[in-house]
Amino acid sequence: MNMIIKLNFLVFSLLFINLITAQKSIPNITLQGFNNTPVEIKSLTNNNLTILSFWATWCIPCINELNAINGYYQEWQTETNVKLIAISVDDNRTISRVRPMVISNEWEYEILYDKNQDLKRVLQITNIPYTLIVQNGKIVFQHSGYTPGDEELLFKKIKEISFKQ
Amino acid sequence: MKIFLSIIFFVFYFITFAQNKNYFSAGIESTAQYYVDDDKTGDFDEDNRFRSNNYIQLDYGFRNFKVGVQFESYAPQALLNFSDSFDQEFGIASYYAQYKNEKIDVLGGYFYEQFGSGLIYRSWEDRQLGLNNALRGGKVSYTPTEFLLFTGIYGEQRIGFEVSNGQVFGLNSEINISANFESKNSLILGLSYVGRKEAFENPASMIDETTHLFSGRLDYSGNNFYTKFEYIYKSEDALVEQGFVFPDKGFTGNALLWNIGYSKKGLGIDLTFRRLENMSFYSEREASGNLDNELLVNYIPSLTKQHDYGLTNIYVYQAQPQLSFFPLNKAGEIGFQIDLFYNVKKGTAIGGKYGTKIAFNFSNWYGLDAEFDDINRTYSSEFLSFGDKYYSDFNIEVRKKWSDKWYSIFTYLNIFYSKKYIEEKIGNVNANIFVAETTYRFQKNKSTRLVLEHLSTSDDQKNWASGLMEFYFSPSFSIFASDMYNYGNDQDIERIHYYNFGGSFSKNHTRLALGYGRQRGGLVCIGGVCRFVSPSTGLTVNLSTSF
Numbered sequence: 001m002n003m004i005i006k007l008n009f010l011v012f013s014l015l016f017i018n019l020i021t022a023q024k025s026i027p028n029i030t031l032q033g034f035n036n037t038p039v040e041i042k043s044l045t046n047n048n049l050t051i052l053s054f055w056a057t058w059c060i061p062c063i064n065e066l067n068a069i070n071g072y073y074q075e076w077q078t079e080t081n082v083k084l085i086a087i088s089v090d091d092n093r094t095i096s097r098v099r100p101m102v103i104s105n106e107w108e109y110e111i112l113y114d115k116n117q118d119l120k121r122v123l124q125i126t127n128i129p130y131t132l133i134v135q136n137g138k139i140v141f142q143h144s145g146y147t148p149g150d151e152e153l154l155f156k157k158i159k160e161i162s163f164k165q
Numbered sequence: 001m002k003i004f005l006s007i008i009f010f011v012f013y014f015i016t017f018a019q020n021k022n023y024f025s026a027g028i029e030s031t032a033q034y035y036v037d038d039d040k041t042g043d044f045d046e047d048n049r050f051r052s053n054n055y056i057q058l059d060y061g062f063r064n065f066k067v068g069v070q071f072e073s074y075a076p077q078a079l080l081n082f083s084d085s086f087d088q089e090f091g092i093a094s095y096y097a098q099y100k101n102e103k104i105d106v107l108g109g110y111f112y113e114q115f116g117s118g119l120i121y122r123s124w125e126d127r128q129l130g131l132n133n134a135l136r137g138g139k140v141s142y143t144p145t146e147f148l149l150f151t152g153i154y155g156e157q158r159i160g161f162e163v164s165n166g167q168v169f170g171l172n173s174e175i176n177i178s179a180n181f182e183s184k185n186s187l188i189l190g191l192s193y194v195g196r197k198e199a200f201e202n203p204a205s206m207i208d209e210t211t212h213l214f215s216g217r218l219d220y221s222g223n224n225f226y227t228k229f230e231y232i233y234k235s236e237d238a239l240v241e242q243g244f245v246f247p248d249k250g251f252t253g254n255a256l257l258w259n260i261g262y263s264k265k266g267l268g269i270d271l272t273f274r275r276l277e278n279m280s281f282y283s284e285r286e287a288s289g290n291l292d293n294e295l296l297v298n299y300i301p302s303l304t305k306q307h308d309y310g311l312t313n314i315y316v317y318q319a320q321p322q323l324s325f326f327p328l329n330k331a332g333e334i335g336f337q338i339d340l341f342y343n344v345k346k347g348t349a350i351g352g353k354y355g356t357k358i359a360f361n362f363s364n365w366y367g368l369d370a371e372f373d374d375i376n377r378t379y380s381s382e383f384l385s386f387g388d389k390y391y392s393d394f395n396i397e398v399r400k401k402w403s404d405k406w407y408s409i410f411t412y413l414n415i416f417y418s419k420k421y422i423e424e425k426i427g428n429v430n431a432n433i434f435v436a437e438t439t440y441r442f443q444k445n446k447s448t449r450l451v452l453e454h455l456s457t458s459d460d461q462k463n464w465a466s467g468l469m470e471f472y473f474s475p476s477f478s479i480f481a482s483d484m485y486n487y488g489n490d491q492d493i494e495r496i497h498y499y500n501f502g503g504s505f506s507k508n509h510t511r512l513a514l515g516y517g518r519q520r521g522g523l524v525c526i527g528g529v530c531r532f533v534s535p536s537t538g539l540t541v542n543l544s545t546s547f
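Residue numbers (this note's numbering), protein chains in the order written: chain A, 1 to 165; chain B, 1 to 547.
Since the hints were derived computationally from the structure, they do not count as laboratory data. Heads up, some of the hints might be wrong.
Quick list of simulated restraints, FRET-style, between CB atoms [said to hold, decoys possible]: (1) A:E40 x B:T348: 41 to 49 Å; (2) A:S43 x B:F65: 45 to 53 Å; (3) A:E75 x B:Y342: 39 to 47 Å; (4) A:K164 x B:Y412: 19 to 27 Å; (5) A:T37 x B:A465: 46 to 54 Å; (6) B:E46 x A:K157: 33 to 41 Å; (7) B:K507 x A:G33: 42 to 50 Å; (8) B:G266 x A:E75: 37 to 45 Å; (9) A:E75 x B:I396: 42 to 50 Å; (10) A:G33 x B:F473: 38 to 46 Å; (11) B:I260 x A:G33: 14 to 22 Å; (12) A:F163 x B:L291: 53 to 61 Å; (13) B:T348 x A:N81: 30 to 38 Å.
The calculated DSS-like cross-link candidates involving lysine-lysine, where the alpha carbons are at most 25 Å apart (straight line), are [claimed, not checked]: (14) A:K157 x B:K425; (15) B:K507 x B:K389; (16) A:K115 x A:K138; (17) A:K115 x B:K40; (18) B:K425 x B:K401; (19) A:K157 x B:K462; (20) A:K83 x B:K264; (21) A:K156 x B:K66; (22) A:K159 x B:K66; (23) B:K66 x B:K264; (24) B:K389 x B:K264; (25) B:K462 x A:K115; (26) A:K115 x B:K425; (27) B:K40 x B:K462.
We put the CB at the ideal spot given by N, CA and C, even for glycine.
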């Protein structure tokens, strides 16, 4: 009997270690695209290098970050083929501001709506801005907050990841 | 039995991890506060100076299955101003099991969902506000093609660690009727039904115990132009005033929302019109208008700009969808909001070397124009006519980049706030607010941010001044100090400095924030939902992490 308890303990520990160390992948959650049609986030991130940036129209540092990256975005894309998806967590109070803000700012990113924060909740994100780098469906880097200059570190990280490939 | 369990463990282990097709995440969020006595705002005279709110969320997915649980702990007691319903030192707050493939999504347990804009139904979580109105029951979604979505829900609503007496159920459909799915144009038709069933305590009531809401909406999105229209009808429900249910006074309700916009490079315009009549809707009638925002079935945010600075959050509008005869005659609200975004091109006089971004916003909200008979508690309202003014906010924001290292944002607001109708107190407030903020980057990853604000008004608490200074030492470490000073207050003892200082440290998915200071009492609003808080002074520690 003792043996079985030990075995159970061993299996349970392995299970736990495995759970904790396993690289987190992007769950299959349906978001809304820019023209209100449903989009599966998993299929968008499965076979490429993607930056997911969680933002909202009322979040000043989020807008600072997206404005800052926009200046370098073409350069980043040519060098590493990376794609940025800006996921708005605006709810119905502010959601109507997303579209005019994105287009007037000439942001070249793909925009998705997470209007009831389903993806934000599953990824355990408590504060925005929150930025993730996703490679072939696996989360390889994440960072919360934005301070001026963070975009340079983000790009350094992207280059590291894309050259390892 | 133990052998049996071991076998299950083994099988589980090998199936899931041998293939590495699993998904697992664990998140922890904890906020702890220690309250101290304050010689300006008063002693802390409640139980437990130390309090904390803690959340542990676990999600595990394997192939098409997903399970999750959320533990919550309010030890020894929930933070100041949170609802008394969060009354357990440690408990299972919610859980779910879900199966999802390309066409079918079935969930049992606690869930969050939104129909359309949420004006007919929304359940969501906001930990800062202490709001969680998840339904406990079941949800089924069916997507036969990319053009169609059907969802059915049934459940009782979460309140603290319990659930509501009333049941909520609904059906939602979204039909994409655009001719070509690949094109950038889309036209989506949405039809929803939501019902709430709650027996009356008074058996003599003539009103149906089930209240029905029907919604129809159309959503068009083209290349530059988009528009959205929604209408909701609410069947007869009992009048509730200050928690008292009138079993013989039934009223119907309705809501109308229209949004239209145009945008192109460098320019964005958006206009929203909304009219609400007797549209508050709770899973228990008696909860109507409760200060903790519990048991809300639908989401009615105030449609005003959500400002991000201290003094811009003193006079904040709260949507007024409810019908009441006492203490004030109110039948709902009517009004509009306009947004304009404009980028001044680089190389012009105003645009400068880097361009200048201008955002203009104007919102204007009124009560419905209605005649009230206070004695018989009846009323009649006009459809498109404005009654008493509740709130307006005219504001303009200019973003200017001076160099690669230096940019500023200037904001001006002109606010009208009816204390009478929004807070049911006396008086109106006319205020002008100026905000200037600037960020300067002085080394590769080091920067500083300064915010200066001034609020001037001859009403209410009179003038305020405020300042905030932040230093970012690296992407992961920053400190701040701020002060809001009500220097214009008529009462000497009310001229109080609301000072705060602290710092935050973040690394990968962990963030630790520490702060000490004095909080202003009053209305605190997050995401358009507000609650009244009492002033407090103390130390706050916030930790969030995930695996």
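Hint check results:
no., hint, result
1, A:E40 x B:T348: 41 to 49 Å, "43 Å, holds"
2, A:S43 x B:F65: 45 to 53 Å, "19 Å, violated"
3, A:E75 x B:Y342: 39 to 47 Å, "27 Å, violated"
4, A:K164 x B:Y412: 19 to 27 Å, "49 Å, violated"
5, A:T37 x B:A465: 46 to 54 Å, "48 Å, holds"
6, B:E46 x A:K157: 33 to 41 Å, "47 Å, violated"
7, B:K507 x A:G33: 42 to 50 Å, "33 Å, violated"
8, B:G266 x A:E75: 37 to 45 Å, "22 Å, violated"
9, A:E75 x B:I396: 42 to 50 Å, "33 Å, violated"
10, A:G33 x B:F473: 38 to 46 Å, "39 Å, holds"
11, B:I260 x A:G33: 14 to 22 Å, "20 Å, holds"
12, A:F163 x B:L291: 53 to 61 Å, "56 Å, holds"
13, B:T348 x A:N81: 30 to 38 Å, "35 Å, holds"
14, A:K157 x B:K425, "55 Å, violated"
15, B:K507 x B:K389, "48 Å, violated"
16, A:K115 x A:K138, "23 Å, holds"
17, A:K115 x B:K40, "42 Å, violated"
18, B:K425 x B:K401, "43 Å, violated"
19, A:K157 x B:K462, "50 Å, violated"
20, A:K83 x B:K264, "22 Å, holds"
21, A:K156 x B:K66, "35 Å, violated"
22, A:K159 x B:K66, "34 Å, violated"
23, B:K66 x B:K264, "41 Å, violated"
24, B:K389 x B:K264, "34 Å, violated"
25, B:K462 x A:K115, "38 Å, violated"
26, A:K115 x B:K425, "34 Å, violated"
27, B:K40 x B:K462, "18 Å, holds"
Checked against the numbered hints given earlier, the structure breaks hints 2, 3, 4, 6, 7, 8, 9, 14, 15, 17, 18, 19, 21, 22, 23, 24, 25 and 26 and satisfies all the rest.
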